[in-house]
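In case you want the letters, here they are:
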Amino acid sequence: MSQQAVNGVQSRGKVLTLDNMNPNVKQVYYAVRGPIVQRAVQIEKELKEGVKKPFTEVIKANIGDAHAMGQKPVTFLRQVLALCSYPELLEDTKFPEDAKKRARRILEACGGHSIGAYSASQGIECIRQDVARYIEKRDGGISSDPDNIFLSTGASDAIVTMLKLLVCGEGRDRTGVMISIPQYPLYSAALADLGAVQINYYLDEDKCWGLDVTELKRSLNAARQHCNPRVLCIINPGNPTGQVQSRQCIEDVIRFAKEEHLFLMADEVYQDNVYAEGCEFHSFKKVLFEMGPEYSNTVEMASFHSTSKCYMGECGFRGGYMEIINMDPEVKAQLIKLVSVRLCPPVPGQALLDLVVNPPQPDEPSYATFMKERTAVLAALAEKAKITEQIFNTVPGITCNPVQGAMYTFPRITLPQKAIDKAKAEGQAPDMLYCMRLLEEEGICLVPGSGFGQREGTFHFRMTILPPTEKLKIVLQKISAFHLRFTQEFS
Amino acid sequence: MSVLQEINPNVRNLKHLEYVVLARRANQIKEELQQVLAACLDPTLVNSDKLPADARQRAQRLLGGCVGGSVGSYTATAGISEIVHRISEFITRRDGGVPSHPENIYISPGSQWALTNILKILVNSKSSSQTAVLTPLPSHSTTSLSITSLGAVAIPYNLSEEQGWALQMEELHRALEFAKGLYNPVALYVINPGNPSGHVQSRKSMQDVIRFVSEKRLFLLADEVYQDFVYGEHEFLSYKRVLAEMGPPLADTVELASFHSVSKGFMGEGGLRGGYVELVNVDPAVMKYIFKKFSMDACAPVLGQLALDLMLNPPQPGDPSYPLYNVETRNIKTAVANNVKRACEVVNSLPGFCCQPVQGGAFAFPRLYLPPKAIQKAKEMGMQPDTFYCLRLLEENGVFASPGCEYGQKEGTHHIRFCILTPEDTMEELLGRLTSFHTQFMKDFS
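Chains as they are written, first to last, in the UniProt record's numbering: chain A, 1 to 491; chain B, 1 to 446.
Rather than coming from a laboratory, the hints here were simulated on the basis of the structure. Check before you lean on any hint, since a few could be wrong.
Claimed, not checked - When the alpha-carbon atoms are kept at most 20 Å apart in a straight line, the in silico EDC-like pairs for lysine to aspartate or glutamate are as follows: (1) K50/B with E91/A; (2) K126/B with D19/A; (3) K288/B with D19/A; (4) K50/B with E88/A; (5) K26/A with D283/B; (6) K286/A with D252/A; (7) K164/A with E330/A; (8) K45/A with E103/B; (9) K100/A with E31/B; (10) K126/B with E170/A; (11) K50/B with D92/A; (12) K126/B with D173/A; (13) K101/A with E91/A; (14) K50/B with E97/A; (15) K216/B with D19/A; (16) K94/A with D49/B; (17) K48/A with E82/B; (18) K372/A with D272/A; (19) K45/A with E82/B.
Unchecked claim - FRET-style restraints, in silico, Cβ to Cβ: (20) S81/B with E136/A: 39 to 47 Å; (21) H261/A with E429/B: 52 to 60 Å; (22) L18/A with E233/B: 42 to 50 Å; (23) Q428/A with S48/B: 49 to 57 Å.
Beta carbons are placed, not taken as given, at the ideal position from N, Cα and C, and that holds for glycine.
Working from the sequences, and respecting the hints, build out all of it.
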């Protein structure tokens, strides 16, 4: 594959170049899989090749991947999926009856009784029905229509699909989408990709990353000068910040969305990951409906969930869904058309989702083990959330808000001016310099706060709380020690 | 979604039977995939004697490539590295030794997903005129839908029915000239073997296309998902291979993306969502952004990646499962070849019905010569004549065929598309019902 052509074709450049490719894609930056991760992968290769380093493994605390960090899959989920994958096993006595029952039901709903068959683009109907029932139960009986449920390839797929539908207009009329700062960079990447206008609203670090409506108003009014704001995205529990919004806050956001005529996108993939005392997950839909028909009949909303987080951590299945509320029927018809381009979401992911919304009941054989495993995972995360906050707050120069939920900590780091200057001279974000150093010295891979957005002049990093407790403690100590060294070096 | 599904609510719940029926036939291949996936999902099965040893070993090896030994972990953006390597080895084997580089391969949730990502890179909304991609007519609608949903326009080039749906160079030239007048054409999309056309391109035709894209400076998108289904004396040649064998300068300069998938072929595992794209001669600077684009999707579903690996690395001579695998694939090929023969025979024997030779792919796409009364009736009912035909066919004889209007066809012509990847007895049944329906229909509207 030579770079240069021969025989007179030399003067021709490539057909597809940086200059004529989609300019929007050039703006895409997805920090979670960005340059620091690429360097981490390279280091892993070097370690494998026997290169000597101050560490023997790279700890990838950059990505919310529980299994990669040693979390064990929930037995029941995998049993049913194995049965679905190889139905002969339904004859095997080692599998419990409740697992078999669910497997049979899922297979019955699949084309040709196989999870290998395409499904309808919106997702297998009986699974959408199960999802609707789960939502109803979760939300205290508020009804959910299976036809408003769209299964997807992870929540990300549904989020991007919704944004595709929402983004339009030219120039000053271009759709503006409000996203929190800090945010999960899928949003900023998708907005860049779609050429939408990103509207930043800042979460309040001093108030445990709380959301204030006055900030929403400020941000919206400023944005109205140069775009057409139509969407408000909120992640609750938050990523990277972990804050669990209060019910009052959620009501305020809904009220704001109604007043300002915004489409609300509620990313709730961490809904089971709530740890802090006094914090509770309130679904946007539930709060919306409890605010009465003036709101529940008018506010247009999509809420998102996934099989990648919570207690399951099954990222590799790419399972998820969105529920749409009050969508214009004609737009919904277009949405149905749009999702058909993907053909269908992965059926194993759909099956997995079905189990998440249909877990073993108290009277079923797998219940005890299932609950034990689920509780253990969530309890471990809660413990790790506490330890993380405690340890980081003992380090001068690191301030860590309580990790109320989700899977991450996003501590603020004070960087010496010399380090900031060095980074700037090298054309690098200061927290990227910090994280790269940490990676090279300790083999710990984090994502710099600049990848998520932060107030000008502040620096952060995002670390997952997923490594096993003992390993996590070591990681926390190493980062603490590194921070002191780094501060010393650049003082 | 088929037009029929919009009209007939009962059809809405119809599952996609086309590929499933073939999968039921591929017992050994399918069973091995099922066993390996089951052991990967529930690793306690790796040590159980319920599964054959080679399936367990395969599962163990695959799990070794998964982070944390779990199929629930994310993988690298382009896919599990060992699998990506094996894909490149498969491609090299398939293409008679033409080298394939793992860094040019991305595994995706199905080939359409990868195609959309590449199209995304190609579509330049900031250029003065709208991006255009040349697409075949007739063509499956998913690709044109992808193109339009990205804000670009699909410009059809007509395949020549009289020449067995062959691609005609003059028609490519015409379509491009037309496009140039109004839009910014950047790419040519070909699907070989064709859907719904069933045409398999000759090497010469492919060379002409390659010369065309080189001369006209277009990016070539080659959809090759039906490469396992080629009949008679026809041979599948990949665009990559033909390009490489044309030597420099074309081999080093023509920019190509070729697509494959587990959804078709002997596996037919569309639900697992496993596919890949191989990029050839793409500017390294652009490749960086292709990586970024794919990284937003996290990664392809792990089970889909595993299925891809199994599909592209079937039992080899010497493996214990080879004899059975060999027999089964031969049987499938024979059965499908027979289906093709029977379908063409039967259709061509009926008045007002004519089928071009089905050289490859999953479908027959015969032409209907409908009586004026039928066309009139369809008009009165507010639907296309071939839709009317297909609806009647479904309602009266329980055969699901899709109307040609869904794929695009020359004005005034009508077609239907039906799947030929069925067990032989199902094909006979289908052809029997089609015959009696068609005969009656033509009589009713004479």
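* Can you list which hints this structure breaks, lowest number first? -> Hint check: nothing fails, all pass.
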